[in-house]
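So the protein lines, in turn, are chains W and Z.
Residues 1 to 326 in my numbering are what the first sequence spells out, letter by letter.
Residues 1001 to 1331 in my numbering are what the second sequence spells out, letter by letter.
Hints were generated in silico from the structure; no laboratory data involved.
No incorrect hints appear here.
DMTMM-like cross-link-like pairs, simulated, lysine to aspartate or glutamate; straight-line CA separation at most 25 Å:
(1) 206(W) with 1263(Z)
(2) 1266(Z) with 242(W)
(3) 1199(Z) with 281(W)
(4) 273(W) with 1223(Z)
Far from chain W, some chain Z residues (derived; all Cβ distances over 10 Å):
(5) 1048
(6) 1148
(7) 1200
(8) 1308
Where is the CB? At the ideal position from N, CA and C, for every residue including glycine.
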Amino acid sequence: MSDPNGPVLELKDVAVHFGGRGGLFASPGPVVKAVNGVDLTIGRGETVALVGESGCGKSTLSNTIVGLQAPVSGSIRVAGEEVVGADRRKLNDIRRHVQMIFQDPALSLDPRSTIGATVGEPLKVRGVAKGEALKQRVGELLTQVGLRAEHADRYPHQFSGGQRQRVVIARALALEPGLVICDEPVSALDVSVRAQILNLLVALQKRTGVSYLFVSHDLSVVRHICDRVVVMYLGRFVEMADRATFFANPKHPYTRALMSAVPQADPVVQRGKERYVLSGELPSPANIPSGCAFHTRCPLATEICSQVRPELTPRPDGALVACHHA
Amino acid sequence: MSADPIPLLSVENLTIEIGGASVVDDVSFHVAPGRVMALVGESGCGKSLTSYAILGLLPDAAKRTGGRIRLHDLDLSALSEREFRKARGKDISIIFQEPSASLDPLTTVGSQIADAYRTHNKVSRAEAYDKARQMLADVGIPDPDRRLHQYPFELSGGMCQRIMISIALICSPRVLVADEPTTALDVTIQAQILDLMKKLVSERGTAIVLITHDMGVVADIADDVAVMYAGRVAEIAGVHSLFAKPCHPYTALLLASVPTLDDAPKSDLATIEGRVPTPDEFGEGCRFASRCPLVTDKCRIEQPPLFDCGDGHRSACWHIDRMPELMEAAA
Ligand SMILES: Nc1ncnc2c1ncn2[C@@H]1O[C@H](COP(=O)(O)OP(=O)(O)OP(=O)(O)O)[C@@H](O)[C@H]1O
Ligand SMILES: Nc1ncnc2c1ncn2[C@@H]1O[C@H](COP(=O)(O)OP(=O)(O)OP(=O)(O)O)[C@@H](O)[C@H]1O
Ligand code: SF4
Ligand SMILES: [Mg+2]
Ligand SMILES: [Mg+2]
Chain W
1 MSDPNGPVLE LKDVAVHFGG RGGLFASPGP VVKAVNGVDL TIGRGETVAL VGESGCGKST
61 LSNTIVGLQA PVSGSIRVAG EEVVGADRRK LNDIRRHVQM IFQDPALSLD PRSTIGATVG
121 EPLKVRGVAK GEALKQRVGE LLTQVGLRAE HADRYPHQFS GGQRQRVVIA RALALEPGLV
181 ICDEPVSALD VSVRAQILNL LVALQKRTGV SYLFVSHDLS VVRHICDRVV VMYLGRFVEM
241 ADRATFFANP KHPYTRALMS AVPQADPVVQ RGKERYVLSG ELPSPANIPS GCAFHTRCPL
301 ATEICSQVRP ELTPRPDGAL VACHHA
Chain Z
1001 MSADPIPLLS VENLTIEIGG ASVVDDVSFH VAPGRVMALV GESGCGKSLT SYAILGLLPD
1061 AAKRTGGRIR LHDLDLSALS EREFRKARGK DISIIFQEPS ASLDPLTTVG SQIADAYRTH
1121 NKVSRAEAYD KARQMLADVG IPDPDRRLHQ YPFELSGGMC QRIMISIALI CSPRVLVADE
1181 PTTALDVTIQ AQILDLMKKL VSERGTAIVL ITHDMGVVAD IADDVAVMYA GRVAEIAGVH
1241 SLFAKPCHPY TALLLASVPT LDDAPKSDLA TIEGRVPTPD EFGEGCRFAS RCPLVTDKCR
1301 IEQPPLFDCG DGHRSACWHI DRMPELMEAA A
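Please model the complete structure; the sequences and the hints are all you need to start from.
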């Protein structure tokens, strides 16, 4: 690949839409604009958190980056190579640099395959290793995630939820990707297990220099693990900042509402904090409000907000914010 | 558990067995009117079974083998299924974790709420619908007239949960059991539902048993907290006392494993080694013994009872006096 110090991922004006065309038999339903005009760069060894409510487009964007979903426009570069429009062979080559970890480890493991077969599969398929070498590499990967080489012969049901997520992580790391997309990797796990997996992800990053795009709605986890935060609302980024700036000085009214809504595990802090409860529900992405998509729920909204869409603009402390009044 | 007002709901020494193992073991707590009691603990620790037992809704595999449950002076655990059906909804109600799974997909939400009212009140359909409309407004659903005639699939998850709450509250029960009522919802919607529950408690004096695994939710709304581990109460205390001075090693480690404002980014979080024992591994001693940093031989042999550590704060641990040692190591 090109520049070894360049970014692992560059998104330019990426848009992903669903439906609308109405095939031969389908009724031409409304177009769901799940992702719209998104720009993002992730550097080597960096962790970027992507936060936002259900349906805002986090998984759609993740799926698009790994090539499970095609964008309607925009450019996606992985380690400098363009993904959009690339031929099959090239795509295959690019994709080994990006792996994905999903929320529910139970659903991402085949119950009939041994742990060893699951972790070794990407190596075997790509002909990276076979026979004794494959077995040894699988053993190394399992050890790296805190399991043991002997575990290779066991099946998923013989493991706890946290151990299964370790298996999923081992498989994601098998091809030494530059970027791992973690879609809510700890949400399904108990608190005490969650801490083990977060520690593991951090340790692996320190050792291998892997970058993460970390999708989560848990802001205390995000604050712990990320270098930068991106907030998404109805398919668009509304705020982007480095961790310290983001948590010290959140600016977009939606970001502030999210922060206020996440309960802190401390009754004194939680009961003393400023409340900023949003009214109303998330509008449908098939019917995105005009102007600023947040104006229907925003406590600061004025007339201009429903008419003109605010662009992401830089602030003195380096944050990018899309709001007329923040 | 300061200056206990007279309890409305009392769970006393509740024990539930499945296949010979006590998956809920000797669990006791009390809830007074206008108070919120939180049950917290990891997956499988027996929170849902405890709540089903309160409502007389235990699955066939599970048997209540000990203890009783009282609602004021009524012994719920002595009721027949028929008598229980009368109490359910009227005196005591439950909301489940998955709103979409517990609503009837083929019936309008208005008719589901009205039916719940008519089960316990002899009124006309029209009167029941009026009541339902009022209820929807109370739980903060805009445009209730339109919503009454919609089906569950036409509503968002947050709205379905409000419908569930409406059904649970339409007969003004004195006790509400809420099993993970916000776990499936977005945080901004969760905040709305928690605010709604606070309003119920302060305006109607409803007593709430809230089941959750989220320490943030506990910190937000609970008055008292019972921390459960492997079917037993490990620690029970007023919410401020529990967070300020946990007296059980499990609670202390659980609290330390949640990232906080004070942690350095990407630093190691405290973890609890090992895993929760399965019911067939419970044994004679403390159920936390296999993972506890303070463990001694005594812990492995003899089950610790709940000891008082002041102000009604109680902990089931032989080594409460060594907690400072643990807190230092975790910090
Ligand atoms: N294959 C699809 N066809 C049609 N619409 C889709 C499809 N996949 C996603 N959508 C819609 O696109 C929008 C964004 O969905 P997405 O799954 O990306 O949200 P998300 O942010 O990951 O939400 P969650 O937090 O619930 O996982 C939603 O409105 C969803 O219904
Ligand atoms: N119908 C059933 N048949 C057999 N075992 C059951 C049944 N329901 C619960 N159990 C077992 O009883 C124990 C307690 O389960 P319970 O559902 O009360 O846990 P919980 O604390 O609510 O967990 P979660 O946080 O995952 O909801 C678990 O070991 C569970 O596997
Ligand atoms: S642009 Fe207007 S509507 Fe949008 S967030 Fe800012 S103030 Fe609110
Ligand atoms: Mg998603
Ligand atoms: Mg449960």
